[in-house]
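**Q** The residues making up each chain are set out below.
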Amino acid sequence: MLAGPGGGWRPGARWARDAQSQDFSIRAGGGALVTTMREGNRNLIAAACPVARSLGLEPGMALTKARILVRDLDVRPADPEGDAAWLARLGLFAARRWTPRAAVSGIDGLWLDLEGVSHLFGGEQALCARILAFCRRLGMEARIAVAGTAGAAHALARFGGKALIRCPTDGEAEAIAAMPLAALRLDAEALATASRLGIERIGALASMPRAPLQRRFGMLLLTRLDQALGRAAEPIAPIVPEEPPRVTLALLEPIATAEAIEEAGGEGLRRLVPLLAQAGLGVRRLALICERVDRGAQEVTIDLARATRDSGHLLRLLRARIETIEPGFGIERLHLVASRVEPLGPSLVEGELSGERPVPDLALLIDRLAARLGSRRLHRLSALESDIPERSVGRADLLSGGAGWPSWPRPVRLLSPPEPVEQVLSVLPDGAPLRFRWRGRSYRVAAADGPERIFGEWWRRPEERAAVRDYFQVEDEDGARFWLYRRGDGEIPAAGDLSWHMHGVFG
Amino acid sequence: MHATLSAEARLAALRDEVRRIHAARRPAGCGVLPFGIEAVDTRLADGGLALAALHEAAAARPTLGDDCAATLFLAASAARLSRLQGRGQVLWAFIRRDLFAPGLACAGLNPERLLYAECRDDAECLAVMEEGLRHGGLAAVVGEVSRLAMAAARRLQLAAEEGGTIALLLRRWRKAGADPLAAPSSAVTRWRIGCAPSAPLPFAGGIGRGRWQVALERQRGGPPHQWLLEMPDAEARLALPARSGDRPDQAARAA
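Protein sequence lines, in the order shown, are assigned to chains A and B. Using my numbering, the letters of the first sequence correspond one by one to residues 1081 to 1587. Using my numbering, the letters of the second sequence correspond one by one to residues 845 to 1099.
Bear in mind the hints are in silico, worked out from the structure with no lab data behind them. Only a predicted model underlies this, so the values are computations on that prediction, with no experimental measurement involved. Take the hints with a grain of salt, since some may be wrong.
Here are a few chain B residues that face chain A, going by a calculated C-beta distance under 8 Å [what the hints assert, rightly or not]: (1) Pro946; (2) Pro955; (3) Tyr960; (4) Ala961; (5) Pro1041; (6) Ser1042; (7) Pro1046; (8) Gly1065; (9) Gly1066; (10) Pro1068; (11) His1069; (12) Leu1072; (13) Glu1074.
Virtual Cβ for every residue (Gly too), placed ideally from N, Cα, C.
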């Protein structure tokens, strides 16, 4: 049996994704929603929600016309690529969860081959109810038809008008007889010809002699009809979910020592690496799962900065983590799972023919340090677009490097949080401090530069709308250089309270 | 025969011999990192900071200003080396999280050259440095520690020789009384950096290029020395002050 969930209208998958937190039910909002696409220089409706349809808006209608018909229309651009990606993801999910033979059908449907799987879910009816509930939770309105042929399921799902239709065995011809020809997946030309000849329903077509039909319409019409009625085969190309490359080692005797685990891990890697090489893949994340005799499982994971198949390097990283495994009464089974992989072609072997010293790969060092410190504590920094010093630094990718800052003078060490400075002698509104007291010591300023004014970022926090910091670079009598700022510009009280703070030291 | 030579000549001959022994131990093909200032490079036994060796620097006084000066001194050295190698990578192992990356970029150590390793304590910091040194693909490894045992310094020196990478160690003051450079170590050079007043500008307001009192406390195969230098520019170059008639070391030599 084949089931084809699908429907005349799916809310644009993109909007369902973006607005998962808020309730995406149109009925509650009451507004009509349409998505639009461009065709030539016209904006056409690509899809319309049930409310919009009840108001007379149809896919293919010009947007200008729709705007005249319906006031306060919610119009959003269609996103066919996003919808297709979403549908493919749903298909992959179906292939993992419901049936091994699932495929994407057209732009708005999925084929699920239920042969031999429905009993696992308590029968066809229960399985379909489950799929419908799942789609509802995702914010989608789905329709399912179960039929003996793919063509009939396609027609019933789209033109049946009910959320769930189960076609009785061998009842396809009867079930689709009253459906319009559009349900047969025909091209627009064939549909136009048929309507000129007065053929409206599938039943009428099925009862006509075949030879004249083939002369006038070509083979496609008859093939589609035969496929819907089960006279011609229609194989589906199922989605094959990718399984991460993995190796399982069943051990004769339970092992408990770190050396034995390391030995077994090395053996697992020797088997895993050829698998990866064959598939042209390199590991970015490798998990070693140890199954204990008492059915407990211990897992260690290593992350790699760059995809690799170097078993020596992988084993060295694993070795550092093996001591965190608690073997308990012994480990009887080991799994090595490359849970994140990337394509990796063959690489050149470093030769010494040219006489140059080969430069060691930085990624190996990064992996080793990350294994020792944890990946959070090894980082590279990059500029963020902010003038506030605390917000101007962010993390960057470890291998590719970050962007630089504008070349304003900045201290080499920053105090976090800035420390209050007392007894400041300065001239308002823009004079540099002449004397100040910080950490219990008085400083007399010999030279100063400033102010460098930095405004608050009102788009982040409304309290910062009027906030101002005036930064000064000052040098004391010993030559030490400090980075001080004053809150406020000395004119508007809302800009700050004129307190002074030490933010960094230049050296 | 020795009796005919003066004591000074014998001393010079012995020094030459020691230098040759040291030079023979250093792996071939490893050069030096010159400061690019003649007055400094000629005073260094190797003509610069030897690569594949450990160098230490500390603040002259236990103030944050001098600490930052020592930090920038090492950052500028690492940046010059990184620039010499095109896009050499520098590993910076630290414990206190107060480094400000834009400030390091001002001394020529741009973010694309610098990897940060945040460590829990001195021991982890030294282990990370050693790993980086042995790897051999980095331009320089910088570390910040306060305590350093002789054995640990020796390990770093050996790792630096093995990987052919320069190790730059910032010795931070733990408390006011405990000079980090008081105990001996196997570093090839030991520096003490302090802030010095900059030259006043000819006009009111504004601030000139900062200056440091750079003291070479100890070097292998040469006498200590000190200079008054200007802070590094955006390409990590230190400089001699332009008008240097009143430098203390010059005055001492003239007398």
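**Q** Each hint: holds or not?
**A** For each hint, the structure was consulted:
1. Pro946: 4 Å, holds
2. Pro955: Holds - the Cβ of B/Pro955 comes within 8 Å of chain A, reaching about 4 Å at its closest.
3. Tyr960: 5 Å, holds
4. Ala961: 5 Å, holds
5. Pro1041: With a closest approach of 4 Å, the B/Pro1041 hint holds.
6. Ser1042: 6 Å, holds
7. Pro1046: 12 Å, violated
8. Gly1065: The hint is violated - B/Gly1065 has no Cβ within 8 Å of chain A, the shortest such distance being about 26 Å.
9. Gly1066: 26 Å, violated
10. Pro1068: Check failed: Cβ of B/Pro1068 comes no nearer than 21 Å to chain A, outside 8 Å.
11. His1069: Violated - the Cβ of B/His1069 stays beyond 8 Å from chain A, reaching only about 20 Å at its closest.
12. Leu1072: 10 Å, violated
13. Glu1074: At 11 Å from the nearest chain A Cβ, B/Glu1074 fails the 8 Å test, so the hint is violated.
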